[in-house]
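Trainee: The listed protein sequences correspond, in order, to chains A and B.
Numbering follows the numbering used here, in which position 95 of the first sequence is assigned residue number 95; successive positions increment by one, without gaps.
Numbering follows the numbering used here, in which position 89 of the second sequence is assigned residue number 89; successive positions increment by one, without gaps.
No lab work stands behind these hints: they were computed from the structure.
Just so you know, nobody snuck in bad clues.
In the DSSO-like style, the derived pairs of lysine-lysine whose C-alpha atoms are separated by at most 30 Å in a straight line are:
id, chain 1, residue 1, chain 2, residue 2
1, B, LYS78, A, LYS26
2, B, LYS55, B, LYS73
3, B, LYS78, B, LYS55
4, B, LYS70, B, LYS55
5, B, LYS55, A, LYS26
6, A, LYS26, A, LYS13
Model, not experiment: these values are computed from the prediction.
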Amino acid sequence: DAGVTQSPTHLIKTRGQQVTLRCSPKSGHDTVSWYQQALGQGPQFIFQYYEEEERQRGNFPDRFSGHQFPNYSSELNVNALLLGDSALYLCASGGRNYGYTFGSGTRLTVV
Amino acid sequence: AQTVTQSQPEMSVQEAETVTLSCTYDTSESDYYLFWYKQPPSRQMILVIRQEAYKQQNATENRFSVNFQKAAKSFSLKISDSQLGDAAMYFCAYNLGDFGNEKLTFGTGTRLTIIP
Numbered sequence: 001d002a003g004v005t006q007s008p009t010h011l012i013k014t015r016g017q018q019v020t021l022r023c024s025p026k027s028g029h030d031t032v033s034w035y036q037q038a039l040g041q042g043p044q045f046i047f048q049y050y051e052e053e054e055r056q057r058g059n060f061p062d063r064f065s066g067h068q069f070p071n072y073s074s075e076l077n078v079n080a081l082l083l084g085d086s087a088l089y090l091c092a093s094g095g096r097n098y099g100y101t102f103g104s105g106t107r108l109t110v111v
Numbered sequence: 001a002q003t004v005t006q007s008q009p010e011m012s013v014q015e016a017e018t019v020t021l022s023c024t025y026d027t028s029e030s031d032y033y034l035f036w037y038k039q040p041p042s043r044q045m046i047l048v049i050r051q052e053a054y055k056q057q058n059a060t061e062n063r064f065s066v067n068f069q070k071a072a073k074s075f076s077l078k079i080s081d082s083q084l085g086d087a088a089m090y091f092c093a094y095n096l097g098d099f100g101n102e103k104l105t106f107g108t109g110t111r112l113t114i115i116p
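If we strip away everything but chain B, and leave its shape as in the complex, we get:
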């Protein structure tokens, strides 16, 4: 079974600084998808970034970027120029890429605090 591990229960960063959240996963498959979701107190899961395993280039969305190391099964999220609105729980998630399989497997999350 696929598992996702987030080893940092809590992280904090000074406003405008850069922070990296860690995620590792366990799979024997070669075709899969990885995601980072943000969950603010409003409870809604908001997609931050998405990576397809067959793409070697790391995904980037504005201030958010990932460091995808397929061989090491690592998928870290870097947030640059941290803003107060970035404070939230961040979840790493995995989806096996086979047809009809839309199940997301989530990690336990990292709570990110932004220090003004």
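One chain only, chain A, in its complex shape:
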């Protein structure tokens, strides 16, 4: 049973560009959450998608947007990249009743 899969694993972008990260949830899970983990920090909640809609959002600017598809997979888009957006981006699926399942993340470097 495949867990949460994320692509790509690594990405280098130039400041001002746009980036799209992808996530496929674990089989049977219909919610997807995105987190940003800066180096040496704990993950910070960006937003969660359920039934193709953003259900909850953390303290992130509108440059961060997302989408969920009918098959429950999700995309995270970041516009006008800043150097400070360099981080590990984690996707999680599932819920608190059984514990959230995380992917291995996408390492984004903005230069």
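We have chain A; now place chain B onto it with these hints.
Mentor: Using the frame of chain A, we list chain B on its own:
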């Protein structure tokens, strides 16, 4: 706002010994969930243990157990018979138990080193 504090940036333990990682949290709610996650160099967050606040019994998963003190807002993780594969960053996390709220609030982590 809920906050999670892990006061030990780094811990080390001899292989086969027992170690306890500390976590405190701040909330005014009574219904919530607490988690410990392990993050090895592979970067994937792996669920170690989960506790529901309304359950007084401490959760246990094999060599991992918690000491949940609700009044003190403390949620420590005990690892018994430490193994080399336990070396990782450990994160404590909180989730408010209301419907539709699946946000996890994480602490800053504790790096655990296992000494052979």
